[in-house]
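*Asks:* Residue strings, one per chain:
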Amino acid sequence: MALNSNQSLRKTRSVPQRHFNQRQLAGLWFILPAALSLLVIVAYPLLYGFYISLFRTNLLTRWDFRWFQNYIRIFTSADFLQTVFTTLKFTVGAVAGQFVVGLSLALLLNTKVPGRALFRTILIVPWLFPEVVVALLWKWMYNPLYGLFNDILLILNVISEPTSWLGSTATALPSVILTVIWKGYPLVMLLMLAGLQAISQEQYESAEIDGASWWQSFLYITLPNLRNVIMITLILNTVWWFKHFGIVWVLTQGGPINATSVISIDIYKTAFEAFRFGRAAALAVIVFFIVFLISFLYQRFLGGDE
Amino acid sequence: MTRQQRQRLHTSVVFMILLIASTFVIVPVLWMFSTSVKTMEEMFSLPIKWIPETISWDAYQRIWTDYPFGRYILNSFIVVSGATLISLFVSSLAGYGASRFRFLGRTAFLTFLLITQMFPSIMLLIPYFQLMKTFGLINTYAGLIFAYISFTIPLASWLMLGYFNSIPKELDDAASIDGASRWRIFWQIVMPLALPGLAATAVYAFIVGWNEYIFALVLTTDDKMKTIPIGIGELIGQYRIAWNDMMAVSLVVSVPLTILFLFLQRFLVSSLTAGAVKQ
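For the protein sequence lines, the chains are X and P, in the order given. Per the working numbering, residue 1 is the first one in the first sequence, and the count goes up by one each step. Per the working numbering, residue 307 is the first one in the second sequence, and the count goes up by one each step.
Pulled out of the complex, with its shape left as it was, chain P reads as follows:
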């Protein structure tokens, strides 16, 4: 076998393995879609049909009329946007501060950010439950936003720190010599350059918030205040689950963010991995 032939064989083996791996992703997702357009009868008929005979889009209507998913999505949107905005503001300042200055407590702050990753969120759960009961924050947007920024602020601060580190410090020094104040340097010179990093951070904070489960499970008891993951999750306990409706709502809440991410993936992935890869 010549070198070229061997190379070609090698490539086709790699291609085949990747193809098989991809089917492990594609088949479940298609199965989700196929279920969502089935009628009740076809969904519970044997042998199971991979492709439905009659395609029915009713599930996509029922999720808005028969279930309070609209309300849940609105709740999720309000809570997650609130938490994301607060985290972005706070973490841009913190990221800039930790990137540009060497000060007492800087290492302690960074270590603390890292350690927060180790807290089982369940460790905060019980104190949160009690504190929020005391302050009347159960079943409120404010309560959930408080809980959510406990993990979005550390994440966003790390990402912003990484991004600010990639912007040359000479820029600050030049502006400083020209007499600009610290705040002006941050706000008018460095921040505009950090906007792509801010956007990436926003997407990540939003995704982790949107997917959050356990805090919302405990901190909301009122049906009107549930977030979408809780709303979807609790229907699983029912005896005969309407899987077509479940798969329809699952797709509706997953697909927009997934598509957004995939469009921006090159840029989003590089801002996530920058910190981990640096030697």
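Chain X extracted, bound-state conformation:
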């Protein structure tokens, strides 16, 4: 009898233990296909990319191992600083522009305005168009002779004669940024709108009873409640546009001269036009660390609790 109860006691103790292990294992089985495929198609190529960055290579005949020479050369070249600076201007312009437009439109759509479902539908459209299509459309609109952009500005008397927006070093980058804002603001708008709709109305009602102005409600209720959404949006957007390639490539290919040569264009040209794959791979590794640093800083300054 004594032995028996002892056994049953041990049994009950070992059941949750075994159960736990099974649960652990089951979870691993479920994520295994995803984890394995990502190891093969993401982790391994990344390490391989880092390996390439240590060589001076055209990937064909020449593979000279040079330790960190590529990195040293990059950091000591004025071109690199210029490229990073252009990329930062592009990213800040794109992200800030999309943020202001997206948040403003979200605030407007969150009111009881007639036709807001239709407005929302129309305003999403640019986000759904492929990058190439957006770039092509804007390139056509910016056309100095037959483009719509000059035509409208001439009618509105903003300019007195047609301008080559993408053709001059002064206006190329702002023009590219405008295109990118047009393409990217809808995502910010949707995320902000979802954030706004999650804020309980009671907070606003009690603020109104206390006599708060619209601006005060915005500052003390809306913004604090949106903090998480804003942070996620800003991080994702900064990371996304910092490494952006497609629209800039189709609009200007980095030109005129180097006015719109953002870092991913630089990497592409270094690799597939100059065939300096080692240097290009090193540039890509550096971009990764810059992007990582940016998202870390955001979390540090905007994150607070997490």
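Hints listed in this document are in silico derivations from the structure and should not be mistaken for laboratory results. This structure is a prediction, so every number in the text was calculated from the model and none was measured. For glycine and all other residues, C-beta sits at the position ideal for the given N, C-alpha and C. A couple of the hints might just be wrong.
To be verified - Restraint ranges, calculated between C-beta atoms of paired labels, are given here:
| # | chain 1 | residue 1 | chain 2 | residue 2 | range |
| --- | --- | --- | --- | --- | --- |
| 1 | P | 527 | X | 63 | 16 to 26 Å |
| 2 | P | 490 | X | 60 | 50 to 60 Å |
| 3 | P | 367 | X | 76 | 48 to 58 Å |
| 4 | P | 527 | X | 289 | 29 to 39 Å |
| 5 | P | 569 | X | 36 | 30 to 40 Å |
Said to hold, decoys possible - Negatives, chain X to chain P, calculated, CB over 12 Å:
| # | residue |
| --- | --- |
| 6 | 66 |
| 7 | 79 |
| 8 | 80 |
| 9 | 88 |
| 10 | 96 |
| 11 | 160 |
| 12 | 167 |
| 13 | 171 |
| 14 | 203 |
| 15 | 205 |
| 16 | 218 |
Stated by the list, open to error - Straight-line C-alpha distance at most 25 Å; calculated SDA-like pairs for lysine to any residue:
| # | chain 1 | residue 1 | chain 2 | residue 2 |
| --- | --- | --- | --- | --- |
| 17 | X | 269 | X | 59 |
| 18 | P | 355 | P | 367 |
| 19 | P | 439 | P | 387 |
| 20 | P | 439 | X | 39 |
| 21 | X | 89 | X | 253 |
| 22 | P | 475 | P | 394 |
| 23 | X | 89 | X | 164 |
| 24 | X | 112 | P | 326 |
| 25 | P | 530 | X | 272 |
| 26 | P | 355 | P | 336 |
| 27 | P | 355 | X | 145 |
| 28 | P | 530 | P | 388 |
| 29 | P | 355 | X | 144 |
| 30 | P | 355 | X | 167 |
| 31 | P | 355 | X | 155 |
| 32 | P | 355 | X | 158 |
| 33 | P | 439 | X | 50 |
| 34 | X | 112 | P | 568 |
| 35 | P | 530 | P | 514 |
| 36 | X | 89 | X | 171 |
Starting from the known structure of chain X, fit chain P onto it as the hints suggest.
*Replies:* Relative to the frame of chain X, chain P by itself:
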């Protein structure tokens, strides 16, 4: 001014701003359409005509006969569907696993998914180019599918994780007590409930794949294997671009997905924003 009047003024100001914002979207899109139905002569005539005098649908025929766009669209369709299907399968399993179980490496896996968002795709570009050359995957559907699942799997896994989290876990526990195996619970009980989430995920994976540019630019050199974004993009280098044809093909490749999305927008948007909005 009474409170009601002020409210009405407020609403009409909001309405006007939204109307102006909408014209910034509508005018370029209409301009695209107007260009696509212009003749060559009218397109390159000054002053420019917002509305063409003679409407010609020829561009919509030429894009199929004078350019290999049909082939490009087929290529895109095969590659993107392949990548989407693989991602859906893999990410449903992963999403379910990460949502239902607490296990060693779960956090590491989720962090890795997030970090993949930070990789410049250009960082994978050079190793991919070299590896695919080695394995003979340049100019193949398989090569492009490999490249595409590198970003569709993380995206799909996040979306599916969010959706599985919204399905009560008590359901699993009840089925578990009834003696169902883990796999049966997943496949026969939870998965049918997650079908709407799966559909939304499919649409997103398809859209990002359909719009992808840089991988296809580098991993296809053969004209026969190009995807539609590359096919459209490369014609821009030509001296005198046939903008009417370009705008026609642009509309043809954008409008179907846009309409699909807009029809399902309420549902699609909520599944995208669920993760970001959760406190």
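*Asks:* It remains to establish, for every hint, whether it holds in the given structure.
*Replies:* Verification of the supplied hints:
{"no.": "1", "hint": "P/527 / X/63: 16 to 26 Å", "in the structure": "22 Å, holds"}
{"no.": "2", "hint": "P/490 / X/60: 50 to 60 Å", "in the structure": "53 Å, holds"}
{"no.": "3", "hint": "P/367 / X/76: 48 to 58 Å", "in the structure": "56 Å, holds"}
{"no.": "4", "hint": "P/527 / X/289: 29 to 39 Å", "in the structure": "31 Å, holds"}
{"no.": "5", "hint": "P/569 / X/36: 30 to 40 Å", "in the structure": "36 Å, holds"}
{"no.": "6", "hint": "66", "in the structure": "16 Å, holds"}
{"no.": "7", "hint": "79", "in the structure": "17 Å, holds"}
{"no.": "8", "hint": "80", "in the structure": "15 Å, holds"}
{"no.": "9", "hint": "88", "in the structure": "15 Å, holds"}
{"no.": "10", "hint": "96", "in the structure": "18 Å, holds"}
{"no.": "11", "hint": "160", "in the structure": "15 Å, holds"}
{"no.": "12", "hint": "167", "in the structure": "14 Å, holds"}
{"no.": "13", "hint": "171", "in the structure": "18 Å, holds"}
{"no.": "14", "hint": "203", "in the structure": "14 Å, holds"}
{"no.": "15", "hint": "205", "in the structure": "15 Å, holds"}
{"no.": "16", "hint": "218", "in the structure": "14 Å, holds"}
{"no.": "17", "hint": "X/269 / X/59", "in the structure": "15 Å, holds"}
{"no.": "18", "hint": "P/355 / P/367", "in the structure": "22 Å, holds"}
{"no.": "19", "hint": "P/439 / P/387", "in the structure": "23 Å, holds"}
{"no.": "20", "hint": "P/439 / X/39", "in the structure": "19 Å, holds"}
{"no.": "21", "hint": "X/89 / X/253", "in the structure": "17 Å, holds"}
{"no.": "22", "hint": "P/475 / P/394", "in the structure": "21 Å, holds"}
{"no.": "23", "hint": "X/89 / X/164", "in the structure": "21 Å, holds"}
{"no.": "24", "hint": "X/112 / P/326", "in the structure": "18 Å, holds"}
{"no.": "25", "hint": "P/530 / X/272", "in the structure": "20 Å, holds"}
{"no.": "26", "hint": "P/355 / P/336", "in the structure": "12 Å, holds"}
{"no.": "27", "hint": "P/355 / X/145", "in the structure": "12 Å, holds"}
{"no.": "28", "hint": "P/530 / P/388", "in the structure": "18 Å, holds"}
{"no.": "29", "hint": "P/355 / X/144", "in the structure": "15 Å, holds"}
{"no.": "30", "hint": "P/355 / X/167", "in the structure": "23 Å, holds"}
{"no.": "31", "hint": "P/355 / X/155", "in the structure": "13 Å, holds"}
{"no.": "32", "hint": "P/355 / X/158", "in the structure": "20 Å, holds"}
{"no.": "33", "hint": "P/439 / X/50", "in the structure": "18 Å, holds"}
{"no.": "34", "hint": "X/112 / P/568", "in the structure": "21 Å, holds"}
{"no.": "35", "hint": "P/530 / P/514", "in the structure": "22 Å, holds"}
{"no.": "36", "hint": "X/89 / X/171", "in the structure": "13 Å, holds"}
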